[in-house]
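**Q** Protein chains in written order, with this note's numbering: chain A, 157 to 491; chain B, 157 to 491.
Quick caveat, the hints were computed from the structure, so don't treat them as lab data.
If you're wondering where the values come from, they're calculated on a predicted model, not measured in any experiment.
A couple of the hints might just be wrong.
Here are some, though not all, of the chain A residues that point toward chain B, as calculated from beta-carbon distances under 8 angstroms [as the list claims (entries may be wrong)]:
| hint | residue |
| --- | --- |
| 1 | 336 |
| 2 | 340 |
| 3 | 342 |
| 4 | 362 |
| 5 | 455 |
Cβ atoms here follow ideal geometry from the backbone N, Cα and C, with glycine treated the same way.
2 protein chains.
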Amino acid sequence: MIIDCHGHFTTAPKELQAFRDEQIAGLKQPAEPRTKRGLTITDDQLREAVQPQLKFQSDRGTDVTIFSPRASAMAHHIGDLTTSTHWTEHCNDLIYRVCELFPKNFVGVCQLPQTPGVTPDTSIAELKRCVNELGFVGCNLNPDPSGGMWNAPPLTDKHWYPFYEAMVELDVPAMVHVSASCNPNFHATGAHYLNADTTAFMQFLTADLFKDFPTLRMIIPHGGGAVPFHWGRYRGLAQDMKRPPLPDLMRDNVFFDTCVYHQAGVDLLMKVVPHENILFGSEMVGAVRGIDPETGHYYDDTKRYVDAAAISDGDRARILEGNARKVYPRIAKRL
Amino acid sequence: MIIDCHGHFTTAPKELQAFRDEQIAGLKQPAEPRTKRGLTITDDQLREAVQPQLKFQSDRGTDVTIFSPRASAMAHHIGDLTTSTHWTEHCNDLIYRVCELFPKNFVGVCQLPQTPGVTPDTSIAELKRCVNELGFVGCNLNPDPSGGMWNAPPLTDKHWYPFYEAMVELDVPAMVHVSASCNPNFHATGAHYLNADTTAFMQFLTADLFKDFPTLRMIIPHGGGAVPFHWGRYRGLAQDMKRPPLPDLMRDNVFFDTCVYHQAGVDLLMKVVPHENILFGSEMVGAVRGIDPETGHYYDDTKRYVDAAAISDGDRARILEGNARKVYPRIAKRL
Chain A
157 MIIDCHGHFT
167 TAPKELQAFR
177 DEQIAGLKQP
187 AEPRTKRGLT
197 ITDDQLREAV
207 QPQLKFQSDR
217 GTDVTIFSPR
227 ASAMAHHIGD
237 LTTSTHWTEH
247 CNDLIYRVCE
257 LFPKNFVGVC
267 QLPQTPGVTP
277 DTSIAELKRC
287 VNELGFVGCN
297 LNPDPSGGMW
307 NAPPLTDKHW
317 YPFYEAMVEL
327 DVPAMVHVSA
337 SCNPNFHATG
347 AHYLNADTTA
357 FMQFLTADLF
367 KDFPTLRMII
377 PHGGGAVPFH
387 WGRYRGLAQD
397 MKRPPLPDLM
407 RDNVFFDTCV
417 YHQAGVDLLM
427 KVVPHENILF
437 GSEMVGAVRG
447 IDPETGHYYD
457 DTKRYVDAAA
467 ISDGDRARIL
477 EGNARKVYPR
487 IAKRL
Chain B
157 MIIDCHGHFT
167 TAPKELQAFR
177 DEQIAGLKQP
187 AEPRTKRGLT
197 ITDDQLREAV
207 QPQLKFQSDR
217 GTDVTIFSPR
227 ASAMAHHIGD
237 LTTSTHWTEH
247 CNDLIYRVCE
257 LFPKNFVGVC
267 QLPQTPGVTP
277 DTSIAELKRC
287 VNELGFVGCN
297 LNPDPSGGMW
307 NAPPLTDKHW
317 YPFYEAMVEL
327 DVPAMVHVSA
337 SCNPNFHATG
347 AHYLNADTTA
357 FMQFLTADLF
367 KDFPTLRMII
377 PHGGGAVPFH
387 WGRYRGLAQD
397 MKRPPLPDLM
407 RDNVFFDTCV
417 YHQAGVDLLM
427 KVVPHENILF
437 GSEMVGAVRG
447 IDPETGHYYD
457 DTKRYVDAAA
467 ISDGDRARIL
477 EGNARKVYPR
487 IAKRL
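One chain only, chain A, in its complex shape (with noise of 0.2 angstroms):
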């Protein structure tokens, strides 16, 4: 079984999205009752808008996609903690009920209804409403949730223990995710993301997080943005702060996807990052759309990168399905 670890809800139907330009509408309008309307989105809908991500996990090969909400779209910036708690509330709704409609294809993972400026501590009710009620195996957390004014402390400060504390308890990983960019130095896709898994890596390196929460999970998406590139100057900065080496430090806390759109940045993921420590992804229906001149395959395609990897069969099944098992362990009651 191929488990691709990050997929998002990219494709929803536009009914979600008029949802939300009328609750960003209503912003205008703040002396307004803050309502939260019902969706109407039938089955039918909803099993025609994730058939790209069927056709997508058919052409390539994969089994079963562990999905969320569009994370550009989760716009933690907009309005307050009740727009956000709505938002939240029903694109997971949404999460769920793809879930159920094709339950061997989609595993759940939630977005939070993160508001800058309030306590993440706000959050827990709605990850634990989606692992025990919902069936959802990990979440995405911003670090950021002013959309790219990075004014909340960092990953490793006491103001998030109390939310790790939940994924402790429900056992279940967070994907470190920002969302879009409300400043204007900064492209989404291009620039904020690559830049956010850099941070919380280099957070995650300079402090004792994980000493606090031995079994805490997180997984940087992106390859670990700039990380592999720079290995040697990770390694060497561990070394001058005497801090741990980067695979103890990782071991069981920390992980790198494969959305890396090239063979040349697998090749070089693979040769560097520890292989229990690389989760399959592909971040589709995502980032960059297009099909590669160079290859004939889409960019994101990227089980063909890992399949061409010059890795063990055992490593590779590891990337592909068991190191998945491990940092989702509530998976295995859903496959």
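Fit chain B to the known structure of chain A by using the hints.
**A** Leaving out everything else, chain B in the frame of chain A:
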């Protein structure tokens, strides 16, 4: 001749830091006059201070270093334009003196008196002084003078255009280089530097800056941040956005250095990035000071990685010398 395009005076005599400490302490007495007191540093002190760099040049077989003030100490976010101007002039004057003492070993690149919220026009006078009077061949341009708040306009914004006009008129390039981070999310050398590199590349990719300034040249240090590792992502993003192919985008305008501290990283850089857009650089004495136990050599001895890379001798010569002469044409008068 081997030209290292990226060296900082990280070993300056302690009198320089004493000036800075005094200057920062003075910011707490805003009523006091803002005089720029002189620095008393002898030529012998300067000769002594650059012994580490000279020894590394000799040990590693490099000839000349394009030398600029310590990047993390620029700290444009401290104080105001007067603070930054006094500090910058002293830092640049020391670089000038080192270059005069060792004209075969060092060529100067200047820091700029950038200040958050102040137009970069105010840096033009110092650029001209350094180039016309001190014989410098380029500058370090900080895309985020706030030190991690990222509240300046992108590098492609007209905000920067008058400064670019001065660069073009003087025929000098800029290395895009941030300084210390006062944002607790961003470790300076482990996150902020690389994020800035990645961010700048994506800004260049998405705008027509080099149509407006066909001869403007920007060096993105640290191997281009995350870009080579995610070369497929950038190729795909450019394609999706109907932007030029990356080699066309970079050709005469965007260059990466080789400050990547392991063989596998440099190999990837050489594999994907056009060789005419790579300049040899080591960042010494800089971000990582240790010896790699896997090789027995300094992490930042990047010449070893370039020497071992599978590229033609012609390309190696271009990377080690020829490209730097093209990007920094004023170097010809100095060497």
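**Q** So, for every hint listed, does it hold in this structure?
**A** Here is what the structure says about each hint:
Taking 8 angstroms as the C-beta contact cut-off toward chain B, the hint placing residue 336 (chain A) at the interface is violated, the least distance being around 14 angstroms. At its closest, the beta carbon of residue 340 (chain A) sits 6 angstroms from a beta carbon of chain B; the interface hint therefore holds under the 8 angstroms criterion. This hint holds: residue 342 (chain A) has a C-beta 6 angstroms from the nearest C-beta of chain B, less than the 8 angstroms allowed. Using the Cβ-Cβ criterion of 8 angstroms, the hint placing residue 362 (chain A) at the interface with chain B is satisfied: the shortest such distance is roughly 6 angstroms.
Hint status for residue 455 (chain A): holds, given a least beta-carbon distance of 4 angstroms to chain B, under 8 angstroms.
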